[in-house]
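S.K.: Sequence:
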Amino acid sequence: MTYTTNEMMTVAAARRLKNGSVCFVGIGLPSKAANLARLTSSPDVVLIYESGPIGAKPSVLPLSIGDGELAETADTVVPTGEIFRYWLQGGRIDVGFLGAAQVDRFGNINTTVVGDYFSPKVRLPGAGGAPEIAGSAKSVLIILKQSARSFVDKLDFITSVGHGEGGDSRKRLGLPGAGPVGIITDLCIMEPEESTHEFVVTALHPGVTREQVVAATGWAIRFADDVATSAEPSEVELTALRDLEARTASAHGQAPGEA
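Residue numbers (our numbering): 1455 to 1713.
It is worth saying that the hints were derived from the structure and are not from the lab.
Accuracy of the hints is not assured; some may be wrong.
[Said to hold, decoys possible] Calculated pairs, DSS-like style, for lysine-lysine (alpha carbon to alpha carbon, straight line, at most 25 Å):
(1) K1472 with K1592
(2) K1625 with K1592
(3) K1575 with K1511
(4) K1592 with K1511
(5) K1608 with K1575
Using the sequences plus the hints, can you model the full thing?
M.R.: Here it is as structure tokens:
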């Protein structure tokens, strides 16, 4: 089956979510990838959203954390305060799954503004629960499309801390957990270098060249000594993803490509 770069990105991200793990899910691309994982490789994953649903199993992708589909399909719903205090800060979240508008070489995220904070070119949706998720989850996965505008040498604003300034910066900040362990894009997969915690390319998606990745990165991106090639999406994965997108588009009155 043929597939798009966006489908490759979503499938690659879904594969990173281990079966049985407890995942704190962001809306948008993270939610799509997490639910694809639930429908394919990780049927026993527990999806948590910051509005309070635990064990959500939406049949269509939610428009927001307040979407009734999440509460209606969850095993239970608890107050938002309990999600953050007991589950997240209590060390019960295995994976935080986040999106970003900008990310830097150390996995720090900007979802606040593009440009000067007081006179921005673009004012973004803001932090939501992402700073707490990035700070307290046992590990973090980041998913976004790759371009030199989104993968920047210096963030316009640090909304959510990844590995700070690199090295032992996260430890010095007193943040628990491993921080970001993977950035999944439409071109490649990046993982943090053990000593510096700078993200390097560890896998290229099929047909993608190193030159494409370099051109789409705003810093001098480096490549691991042994760069793998991502496995192409299977028919099962693509069918599940496309069915999910089609149901979502129908439910929300969208064209199929907008889901």
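S.K.: Within 25 Å, alpha carbon to alpha carbon, are K1575 and K1511?
M.R.: violated, 37 Å
S.K.: Below or equal to 25 Å on CA atoms is what counts here, so check K1472 against K1592.
M.R.: holds, 13 Å
S.K.: So if I understand the rule, the pair passes when the alpha-carbon distance is 25 Å or less; does K1608 with K1575 pass?
M.R.: holds, 16 Å
S.K.: Verify the proposed pairing of K1592 with K1511, using a straight-line Cα cut of 25 Å.
M.R.: Judged against 25 Å, a Cα distance of about 22 Å means the pair holds.
S.K.: Take a quick look at whether K1625 and K1592 sit within 25 Å of each other, Cα to Cα.
M.R.: holds, 13 Å
In this structure, the one hint that does not hold is number 3.
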